[in-house]
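Given the sequences, and given the hints that come with them, work out the whole structure.
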Amino acid sequence: MGFWEYVAARHQQLLTDALQHVGAVFQCMVIATALGVAIALATYRSGWAGDLAVACTSTALTVPSLALIGLLIPVVGLGVPPTVIALVLYGLLPVVRNAIVGLRGVDPALVDAARGIGMSPAARLVRVELPLAWPPILTGIRVSTQMLMGIAAIAAYASGPGLGNEIFRGIASLGSANALNQVLAGTLGIVLLALAFDAAYVLLGRLTIPRGIRERAH
Amino acid sequence: MSARIELENLSKRYPGSQSPAVDDVSMEIRPGETVVLVGPSGCGKSTTLRMINRLIEPSSGRIRIDGEDVTRIDPVRLRREVGYAIQSSGLFPHMTVAENIALVPRMLGWSRARVRERVEEMLVLVGLDPGEFHGRYPRRLSGGQQQRVGVARALAADPPVLLMDEPFGAVDPITRDHLQDELVRLQRELRKTIVFVTHDLDEAIRLGDRIAVLRERSRIAQFDTPEAILTGPADDFVSGFVGAGAALKRLNLTRLRDVRIGAFPTVSVDDPRRTVLGRPADGPHGELLVLDRHRRPRTWLRRGDLARAEGFPARAGRAVRGTVTRDATLRDALEAVLLDPAGRVAVTGRRGEYAGIVDMGTLMAAVHGMLEADRAAAAGRPREGRPHRAERERGA
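These protein sequences, in sequence, are chains V and A. Just so we're aligned, residue 1 is where the first sequence starts under this note's numbering, counting upward by one. Just so we're aligned, residue 219 is where the second sequence starts under this note's numbering, counting upward by one.
If you're looking for bench data, these hints aren't it; they were derived computationally from the structure. Using N, Cα and C, we set each Cβ at its ideal position, and we do this for glycine too. Do not take every clue at face value.
What the hints assert, rightly or not - Label-pair ranges, simulated between beta-carbon atoms: (1) 211/V / 557/A: 43 to 51 Å; (2) 122/V / 224/A: 31 to 39 Å; (3) 357/A / 42/V: 30 to 38 Å; (4) 204/V / 331/A: 30 to 38 Å; (5) 104/V / 475/A: 49 to 57 Å; (6) 478/A / 121/V: 37 to 45 Å.
Okay, here's the thing in structure tokens:
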């Protein structure tokens with residue numbers, strides 16, 4: 001069976017896997033973003049706390065993904081929980097680091113001006129610091145998402161959802177008729193989804209980064 | 219709408235440092251006056267200013283605005299009632315000019331319509347066309363325009379007090395001169411109580427009704443009118459700070475509109491030749507000043523020029539190059555006179571119309587008069603009751 005025939009024959013299954021893959025990555029990114037920005041907000045004002053947060057999240061990233069999922073299985077079982085935990089942990093680092101760098105990079109004169117005209121600490125954060133730090137935060141989210149796209153495939157090892165199942169099935173039956181097609185379909189699917197996500201982020205950036213601080217196109 | 223500011227024994231001591239950054243400053247700033255804090259860098263002038271709106275909490279002492287002790291009220295509330303303008307404008311780059319200006323009124327809960335109206339009003343006030351600048355982002359403004367918007371934002375909620383921390387420190391000298399003149403004009407209209415920090419004595423002299431020269435730890439070396447500080451520095455520190463050229467700096471204090479300027483024989487460009495020839499000429503070169511139909515200086519005309527131009531005054535003479543306005547300082551006028559080949563410069567009014575001329579003689583007479591008056595004042599002057607600069611200028 002050729003590759004396209006395979007895709008045509010199995011499109012139902014592939015579509016389900018792709019949707020689950022997207023769903024898993026998207027939901028984990030939402031959690032990672034919320035958690036990451038929260039960690040950054042809690043720590044960016046203090047030199048050592050911010051550095052500690054970045055160090056911890058980058059340590060998490062050095063653990064091989066297969067090992068991490070393997071370690072999580074005895075603790076939380078198979079399926080969705082180890083997938084979500086692993087993806088969120090990996091997704092944190094770029095978000096935390098970029099958010100801290102972004103928030104620390106806001107011109108102190110502007111923060112001073114915000115205080116000086118009578119903005120409350122909350123208003124300062126929401127109206128001045130976060131909007132100005134948003135472009136680097138968004139970049140962090142984008143990098144995280146790309147990374148999670150690949151890592152999510154590993155989740156199939158723990159019986160998690162997604163296109164990883166195709167790849168693992170193929171690898172498990174190497175030599176059989178459809179093995180290569182399965183690996184190829186899973187991999188290509190992930191690449192396509194990653195590209196689609198990236199396009200969505202470009203659009204999101206256009207929509208959410210205020211015109212006054214957007215980089216000039218030329 | 220303006221308020222009295224009283225600083226009582228204000229000190230700021232940072233933990234871990236031996237001596238206080240600001241040591242026991244007491245000062246009274248009268249309603250509607252512009253007080254400039256000037257001193258070498260690191261003398262604590264900025265810290266003193268920032269304690270007034272409690273961006274820095276004083277370690278001890280008291281601040282009263284219009285009698286109310288503001289050391290105890292909510293600092294956020296206080297800051298909304300005190301205008302604040304800083305160096306390099308502090309405009310938020312992700313908000314448009316209008317959004318920047320609208321910030322404080324919005325926080326104070328003004329209605330949308332009132333905010334919108336106020337934004338337009340403020341843009342006009344600082345000399346920016348609302349149609350053009352309303353929706354612009356700060357990065358598309360020049361340094362001077364940004365600073366104007368910064369001032370507009372500080373004044374948007376009509377605060378009685380305006381604090382300015384080296385607001386013109388980051389703009390080029392020409393723009394700075396413009397902005398200083400603008401501020402003097404604004405202040406003549408608004409009569410806010412302004413506290414202005416700078417390290418530039420010339421700026422202090424141009425803007426201040428009174429100047430506080432500060433030495434280290436924000437100790438007041440002298441707190442007096444610019445004239446008094448220039449002509450009678452209290453001690454070596456002040457005279458060192460004033461530096462050489464006090465008489466030259468004094469020229470910045472007076473504007474042409476305040477002194478007697480010379481007259482010059484003029485003719486209109488439409489006058490027939492006979493009238494022109496009949497008018498006695500003046501100056502070392504025997505000249506007449508030809509004015510155009512709007513009475514603006516047009517050419518300097520000599521008898522010989524007229525002969526050469528075959529009798530048409532409109533064609534003859536050499537074009538008037540530099541003119542100075544009645545709002546120019548004597549220093550600007552001196553500059554213009556020195557640059558003019560014949561040593562005389564036409565003075566113009568608001569719409570560019572002829573108002574007189576200024577030359578070395580005019581300037582010398584003015585300066586002598588000023589210095590004599592300063593000396594007399596320094597000898598037996600009542601310390602209070604001197605009119606504000608704005609009043610002096612209006613009266614002139």
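Going back to the hint list, which numbers does this structure go against?
-> Violated hint: only 6; rest satisfied.
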